Amino acid sequence: MTERVEVRRGRYYDSVRLMQASAAAEAAPGVERALVAMGTDLNRSLLAGLGFTVPEGLGPDDLVLAIRAGDPAAADQALAAAGAALAAAPAPTGGGFEVPSPRRAGAVAQANLALISVPGPYAFVEAMDALRAGMSVMLFSDNVPLPQEIALKQEAIRRGLLVMGPGAGTALVHGVGLGFANAVRPGPVGIVGASGTGIQQLCCLLDDAGVGVRHALGTGSRDLHDEVGGASTLAAIDALAADPEVEVIAVVSKPPGPEAAEQVRAAAAGCGKPAAVAFMGEVTLEEAAREVLGLLGRPILQAYTDWAIVDGPHRPGHLLGLFSGGTLRDEARAVAGAVLREIATEAGAAGHAMLDLGDEEYTRGRPHPMIDHRTRLDFLAQAAADASVGVVLLDVVLGYGAHPDPAGALAPAVANLTTAGAAAVVSLCGTAADPQGRERQAAAIAEAGASVLLSNAAAARLAARLAGERP
Amino acid sequence: MNHLQGLLQTDPVVAAAGIDLLADALAAQGAAVTRVEWQPPVPGTEEALAALAADPAKASADDAALAALTGTRPHLVGMVPAHQAIPELAEGLLLHAGPPLSWGDCSGPMRGALIGALLYEGRAADPEEAGRLAARVPLEPCHHHHAAGPMAGVISASMPLAVVEDAATGRRAYSTLNEGLGKVLRYGAFAPEVIDRLHWMQAVLGPVLAAALARTGPIDLGALIAQALQMGDDGHNRNRAGTSLLLRALGPALVEGEGPAADRGAVFRFIQGNDHFMLNLVMAAGKLASDAASGIAGSSLVTVMARNGTEFGIRLSGTGDRWFTAPAPEVEGLYLPGFSAADANADLGDSAITETVGLGGMAMAASPAIVGFVGGTAAGAVRRTLEMYAITRGEHPLYRLPILEGRGTPAGIDATLVARTGIAPQINTGIAGREAGVGMVGAGLVEAPMECFVQAVRGLAARWAGPPAG
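Going down the list, the sequences are from chains A and B.
At position 147 of the first sequence the residue is numbered 147 (our numbering), and the sequence of numbers has no breaks.
At position 378 of the second sequence the residue is numbered 1378 (our numbering), and the sequence of numbers has no breaks.
There could be a bad hint or two in this list.
If you anchor each label on the Cβ, the simulated ranges turn out as follows [claimed, not checked]:
no.: 1; chain 1: B; residue 1: G1338; chain 2: A; residue 2: A84; range: 50 to 60 Å
no.: 2; chain 1: A; residue 1: E227; chain 2: B; residue 2: E1037; range: 30 to 40 Å
no.: 3; chain 1: B; residue 1: E1256; chain 2: A; residue 2: E56; range: 38 to 48 Å
Don't read these hints as lab results, they were simulated from the structure.
Source: prediction; values computed, not measured.
The beta carbon of each residue, even a glycine, is placed where N, CA and C say it ideally should be.
With the hints as constraints, model all of the structure from the sequences given.
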């Protein structure tokens, strides 16, 4: 038999909570008697009457916990139960009153991920606060200074957390899409990406091949700059390697700094799981998907889905790419560059050009072109009227966060373009489960006279061939 | 433990701050998402907030300050003549409420109280002489001497002070004894009856209470305050329960004590007739906690909020003795019959130390009895307390709110959270008449001026020596 009598001086509790604590202690296994009470005269005599030793100097403002149990472990357990009942942090809804909304992500009880999209100059404070509250952070905000990014990522490493971003547009965590993300089936692939649209394209290609994705972790486009050193990429590789449900890891990034590239390759090779590393410019996303499928032992698709290939005659002229993201533009430019020489990246060039209309230069205070198509509509109208444009290549991105009906917004302008005699090629980045209805979107764009293909690289090959044909 | 693993093994529970569309997309997937009511910080604090967020030691500094603030164990241990506790008073120094102040800047009630103190000490024969002398007397804040005083808060050498001691460290803080309502020194009155009462307090009240405390031993003020909150006090504008509990604790010793029974009876009646007697002791307990939380490098916890009738001042744990001040605001409130806002002085007194430690306006939800008095509804009082959690680092482990099912009061105001949310601490307070000697004209609510917090956050950021991030 073990007896424990503990005193906590000057700890006042109301009698109801004390009765709850006594009951909790007495309900613990192996407990014979338990009393949790203030040290009033009455309770001191009650304590003595129960056979406990009344502690020296116990006063009415002191809390006393007295336990008699079968063995020391049971007594400890009962004390812990009483302590828990006393400490029982009431829910923040205590009292049934309407609780004001939290004012900062870090104050949200129980959250394990903060999604921060406040203006860039304020993002650091919010993100750091969330990290210190034990949350990983997806930092959608842009324009976060590099030293702040480094500080956030160092703090995350210290705390075993992950910072996705800044400028992270896409993530998929345990099947939940954050930011711009496609509705992919659950599966064995874990993706780490410094590029949002790169992640989306890879997810869609894998989905087309019948392979699902468990997590896709964005890292922000500067993560593989040597100053940042791939901090989030390396942390994400470790985390995916430790997740037993992940069978193959894929790393997708814009061209990295040389040191960071080396570290990422080493981490991928040493992580204990098969890993594909795709640095854009060295490989296409199709090739990355092929490598992942190979590592999984799945059949490799010879071609990804297409909905329309319009191969007929079109007016002669150069190729104009109007992209909503830099990664798909860069991939298309590299692919088309094998056929066409000299593809400019600025508007107004005399020859072939591919533009990233998601770049600040073009958004000019408008929302991103994945949400708002006005900038692309302006360019499409100009292209239709410009007889020197022979082929227009577009990406259309579906999924959570994107425009609810991009085909509806773009199709009239595409029809106008094809009616004017130009060819139009669209890479449609989406899955069958995306909320916009991929088949309906594809049909509407095809109806406007455009070729529609799932793979961005395949679309670029088609556009380059069309633009390269001599009339 | 690697929290990242936890994230990847369970469904994400998301806190979303910023673009609504992103939270909408999560909600559409059926994901758990809580929307944050985010707004940009108070203008002028952006860079300072970023610099402070980059300080890797700040979180632990704030934790340490909060632990000190809420972990102090205040006990009323005795009474002492002020000059014994604060030797500089014997050399002619006078203490006052709030941040530093010169005679020329004093408001009416502050001037009246200083004049009254000089008359009480016999340093001047009449108010005119006292007024001339007051311009030359050295003045310092109570807060510079481990003390706090309500309203004008004037402390002079002969006044009896309550001694409140931390059980664990032996650290001490002091307050005057509450004179009651009506014509009293702390509201700037210096009529003969005011001075007579001060002499009685010196000759009878102090010694009788000292003798009673010698019989009772230390009285645990933390436990008394915790119980008073359960009984409808906020610890600032309502102290009826706390005063009753104190009197209950002192009662037997007053009855059984030695010395003239008439004196003991008079002391009993004096406390029994003054619902605010406990206020000064709550303030000393608060000052003790405030001192314990002071001087922790890098912490933005507010350790002092105090008003001298001209300026409102705050201090942070991490900025040492520096004051950050702004003009004292007007109090929004209800007025006693015959008075209006035109009669009110600007905000006055060290009593905002109660809010600093999680009482008063922070604990408004505890005190439905006074919400009408301070111009609100019971539901509104609860809402105001709930809002205060947005600017505090934690909750008080001892001071709990029955109406919120025992949740601790919001405690440990963080100046960076004030600057980030734009929510100022709410203070419950009495309103002094603007003319010396008029006394209390009403009571109400006041918000601490945002300018103090803007300066304080910038001051703390300037002090932190680390490399700026961005």
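Each hint tested on the structure:
1. B:G1338 / A:A84: 50 to 60 Å: holds (55 Å)
2. A:E227 / B:E1037: 30 to 40 Å: Holds, since E227 of chain A and E1037 of chain B (Cβ atoms, about 35 Å apart) stay within the stated range.
3. B:E1256 / A:E56: 38 to 48 Å: This hint is violated: roughly 24 Å between Cβ atoms.
Checked against the numbered hints above, the structure violates only hint 3.
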